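Undergrad: Spelled out from the first residue to the last, the chains are:
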Amino acid sequence: MLISLEWINDFTTLPKISPEEIGRAFTRHTAEVEEVIVPGKELDQIVIAEVLSAEKHPDADKLKLCKVTIDGKSEIDVVCGAPNVRAGLKVAYAPVGSTLPGGFVLEKKKIRGVLSNGMICSERELGLGEDHDGILELAADLKVGAKFKEILQKDAEIVLEVDNKSLTHRPDLWGHYGMAREFATIYSSPLKDFFSKEWRAEVEAHYTDEQAPITVKVESDAACLGYFGLSVSNIKVEPSPEWMQKRLIAAGLRPINNMVDIGNYVMLELGQPLHMFDRSKISGKQIIVKRVSDKQNFEALDESVVELHPGDTVVADQNQALVVGGIIGGTNSGIADDTKDIFIEAANWNAAEIRRLSTRIGIRTDSSQRFEKSLDTLQTDKAVLRAAELVLKLCPDAKVVGKLQYDGPDLSQTKALTIETEVAAFSELLGVEVNKEQICTTLESIGFKTTPNGDKLSVVVPSYRATKDVEMEVDLIEEVGRFIGYDNIEPKSPRVELAPTRLSKEKQLFRKVQDFMVMRAHALEVFTYPLTSEKALTKAAWPNSDQCLKLKNALSSDSELMRPSMLPSMLEAIALNQKQYQSFRMFEIGRAYLPKDKNFSEERTHLALVLYSRDKNQYIETVNITENFLQFCNMPAALLMHSAKLSNPVVPVEWPGAHPIEYQHIKLMGKNQGAVLSLHPSLLQAYKIKGYASICLLDVTDFVSASLKDKLKFTPISKYPSASFDCTVLTGKRDEVQRLIDLVRAIGIKEIVDVKIVTCFDLSAEDNAVTVRTTFHHPEKTLSGDFLKDAETKIIEQLANAGFFLKS
Amino acid sequence: MSEKLDLLYQEFQQALCGSASRAETLDLKAGYLGSKGKLSSILKSLKDMSPEERKQVGSKSNEYKNKIEADISAKLQALDSEEISKKLEKQWVDVTLKDSNLDLGLNAAGYHPVTLVQREIEDIFSSMGFDILDGPHIEDDWHNFGALNIPSDHPARDMQDTLWFPDGVHLLRTHTSPVQVRGMESKKPPFKFIVPGKVFRAERTDASHETVFHQVEGMMVDKNITVSNLIYFMKTMLSEIFKQDVKIQLRPGFFPFVEPGFELDMYTEQLGWLELIGCGMTHPNVLRAGGIDPDKYSGFAFGMGLDRLVMMRYAINDVRLIHSADLRFISQFRSF
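Which chain is which? The protein sequence lines are A and B, in order. Sequence positions in the first sequence follow my numbering and run 18 to 825. Sequence positions in the second sequence follow my numbering and run 74 to 409.
So here's chain A without its partners, still in its complex pose (with noise of 0.2 Å):
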């Protein structure tokens, strides 16, 4: 929103001050100030000079030689290619070393041959406007030495450009009527009452005893809240005055004639939204509002053909459609060049539907952008009775028909909202003290009444302030806060009880395992994208992407569903890393979204640490850091090898993507959580990536949610002391030394506390030589040399009945 402050002054007088204050008091008190936009800002080094003397370039025919001056004693040469430039004449003269907009700085410089001292500006030189036929004339009083930008803004548009954004909730402000009014409570000076009783009077003395040509009505199930209409004859259109025209180029629209232009300035200034229609492009003597029961076409002023559904409000003629309520006008009924005769609309529409319709239909306009903020009723016939007082301006010749048509509720029987509150509501709230006097001297400024009854307070809000915005206690507390002034609150901490305070189980484990992965696996943390898309799971030749979770409205295919899992991502980031580096380390914690038939979806949270290397194989690592991992989170798990059996809800049974070998499950808190594994190398392929990557994936949701019992506790150091016996045995190239500790446990002596391998070497080309060391040990006796021996026995003949013989 574009607030011209000229135009401001026309309600209400602004201090003297420079603009950028007045837009910073704005932002302060009531809205965002974006941009002051002052016309010729940027032209400081521009001053006004006389050209003396303009002769022709001798080597030029286009170019003159000019004498120009500053200070009406010393001669200035420039040269200059316009032809309207002529001895006399006051020009805007850029000095050399002056900066133009767009940033160019001027420089001495020679033009055929003839050294020119600066430049003598045209309009769009000056950024002023498109005009580059020839430098700009200015006035012939003009002093000679002037800073041309003083002059410049003398008369021109100062303007603030306001967040939307901050506007959302106040439909009074989207005309410059109401933003006077903010800036009245802030400069506390008076505001017009624009539109008294006399002016009203005034303008409806105008009606005529006749018949009005159209009548109008609303039916009852229609999205209008009240429909004006009036009809005025014989105009002439034409373009309108330069004075409206500078008001609507300010604030941002584009004058197309007076009409037109008329119905803009009214909404502009008031807020409201107006339609011109031609009257005699009306068929039949009757505007009806109605919801259309057909599906049809509508051919909109912009060109586009909208598609109205049944159930759409519009205003129609007894044939047709004529304009998309509140939204947009048609090609049928708008202003022509050879319109005599017009009928000028202003109403009042459902918020909420208007809202509906425009973004089903694609088209937001200056109206439906005001009207879905919720408008109010009472506020509507101003605007037609604006209307009527310029067409009556600009076309003396023009005549009222009949009176003002209306049809809707009867707006007589509206009823002001008022609020019952108390004085002291607003120190409590706001932490300062705030008085009595000051509470209703504010809101009267804004236009609400107020009736002091002892410590209780009876407020009536406007009517153009209750119909979304105002509704409470707390809404009139902010209208008291914004004009007393945030900065004079003091900060003061409350004084609450003291309770301990700890991160949550969640947070902790978050924590720990943040730092786990830091210091000892050693990696990175990396966030890949939670959204993801049926190409990048089919890369991941992960199943069923057809059961993600979808999006409706995805900007792009790419990030349309939810990733099931964070496998897919991890393998891009891998792919994308690889080519900078021959191994690394990442981990995420993230979430993998699920749906799910009752509640819709289910969030997991997973962590996904990688390793990778372009030349050594990582997954004996992973596993070492998995199962440091697991012990360090003090989380009841094993790893179990991976089998046809053995399913794991983060790896599908059907995902080719593992290694069939290293591939081990985590079973935490007796499920398949988890799994550790390394990456299959076609899939690894499909990836362009070279190399290892090994990764382990655990849900952690259930561990975070279950409460286990910490069970640490102390064992006293025994007394007696361990024994070891280390046997040396062949095994096959392909035999897990996990097979023997399994086969010496088995054994069943319960003293044996302890089975480690020792070595394990490269015998031959058939054997492996592994050396096994059992550790025995009772925490209440020494044992016997004669139990050691038979332990011994037992071990050697225990591990050759399963054909590991000792090596001689």
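The hints are simulated quantities; they were obtained by calculation from the structure and are not laboratory data. One or more of the hints may lead you astray.
[Said to hold, decoys possible] For each label pair, taking beta carbons as the anchor points, the in silico distance ranges come out as:
(1) B:S200 with A:D472: 37 to 43 Å
(2) B:T169 with A:D532: 27 to 33 Å
(3) A:S91 with B:K316: 34 to 40 Å
(4) A:V513 with B:R407: 37 to 43 Å
(5) A:K736 with B:K316: 53 to 59 Å
(6) A:P32 with B:Q343: 30 to 36 Å
(7) A:E259 with B:D399: 45 to 51 Å
[Stated by the list, open to error] Straight-line distance between alpha carbons at most 30 Å, and here's what the computed BS3-like set of lysine-lysine pairs gives:
(8) A:K473 with B:K369
(9) A:K811 with A:K824
(10) B:K140 with A:K524
(11) A:K253 with A:K214
(12) A:K509 with B:K261
[To be verified] From the structure, some residues in chain B lie toward chain A, with a derived Cβ separation under 10 Å:
(13) S301
(14) F315
(15) M354
(16) S397
(17) S408
As the structure is a prediction and not an experimental result, all values here were calculated from the model. Cβ atoms here follow ideal geometry from the backbone N, Cα and C, with glycine treated the same way.
We have chain A; now place chain B onto it with these hints.
TA: Using the frame of chain A, we list chain B on its own:
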């Protein structure tokens, strides 16, 4: 006899000089001090001497015996240390062959920059008694809008471009504010918490816009909470984050879930005025929707862009890097 002893010691010293090993030295020791050693034989012959001579020779012999013992142990020590030196010489390692000199690939570990700043904010609020919450990313209309005083067809819905699921009820949360509602549903006042988390908007991405980004939300509900309290927490938080006493300014701002609502700007020498936080006093409708009696309790809420703060702190020029998993970016924040 005395001369003989002098000669004997000279001879010993020469022999000791020539000894090159521990064994040789010990042999030498035995040759002089052993039971059949040269000095021992002299000592043994003392009994055959006159008392005068015995006294003289005896004391001289003992003197030499002590000297020889001392010489031997000095020699042994010298041999030992020579041996250790040799061993050390052999065991030489290249002490510059360390990881930081080796090409071990990226070999870096550390936290995401968002985590770094997020933890700092969490710690600041945690130290003031705030809990840290999060909620689902996939929300329903009620938690994301309705309970926050944004009914359907409210123009405020335009302020946030929403990613919807086909049922028209579920959506990706557009702000962390639905966790305010969940917080109110699960807690009894008084309470205070912050909510750092991911949010989603249907926005075209460029260097300063992302579909997925992070916010921090905060809420406090108690008896007699005021605007002045809100300002206190905002100023404290920002002063802690920017590690200096920052200037702040509140101005009217519209967010349907607060009334009054504010935009909060912060001023620092280096950065000038910055629009940083949306905040306000929790709207009575929102308290009511969360099951809290607005006549008894009041509260404040605030929200700010976490990514923006992170980008300011580290001079990051493109928000898309945050979710890029590009280690050229992430590794610049390595812990080690």
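Undergrad: 53 to 59 Å was suggested as the range; check whether the CB atoms of K736 (chain A) and K316 (chain B) agree with it.
TA: holds, 57 Å
Undergrad: Could you tell me whether the CB distance from P32 (chain A) to Q343 (chain B) stays inside 30 to 36 Å?
TA: holds, 33 Å
Undergrad: Within 37 to 43 Å: is that where the Cβ-Cβ distance between S200 (chain B) and D472 (chain A) falls?
TA: This hint holds: roughly 40 Å between Cβ atoms.
Undergrad: Under 10 Å is the threshold here; is the Cβ of M354 (chain B) close enough to any Cβ of chain A for the hint to stand?
TA: Where the cut-off is 10 Å and the nearest Cβ of chain A is about 6 Å from M354 (chain B), the hint holds.
Undergrad: For the pair we were handed, K473 (chain A) and K369 (chain B), check the Cα-Cα distance against 30 Å.
TA: Given that 30 Å is the threshold and the Cα spacing comes to 18 Å, the pair holds.
Undergrad: Just tell me: holds or violated, for the beta carbon distance of E259 (chain A) and D399 (chain B) against 45 to 51 Å?
TA: violated, 57 Å
Undergrad: Does the structure keep K509 (chain A) and K261 (chain B) at a Cα separation of 30 Å or less?
TA: Cα-Cα ~24 Å, so holds.
Undergrad: Quick one, are K253 (chain A) and K214 (chain A) close enough, alpha carbons at most 30 Å?
TA: Status holds; Cα separation ~29 Å.
Undergrad: Is the interface hint satisfied for S397 (chain B)? The criterion is a beta-carbon contact with chain A at less than 10 Å.
TA: Nearest chain A Cβ about 8 Å off; hint holds.
Undergrad: Does the structure keep K811 (chain A) and K824 (chain A) at a Cα separation of 30 Å or less?
TA: Cα-Cα ~16 Å, so holds.
Undergrad: Is the gap between the beta carbons of V513 (chain A) and R407 (chain B) within 37 to 43 Å?
TA: Holds: the Cβ-Cβ distance is about 40 Å, inside 37 to 43 Å.
Undergrad: State, for the Cβ atoms of S91 (chain A) and K316 (chain B), whether the hinted interval 34 to 40 Å holds or is violated.
TA: violated, 57 Å
Hint violations for this structure: numbers 3, 7, 10 and 14, all remaining hints satisfied.
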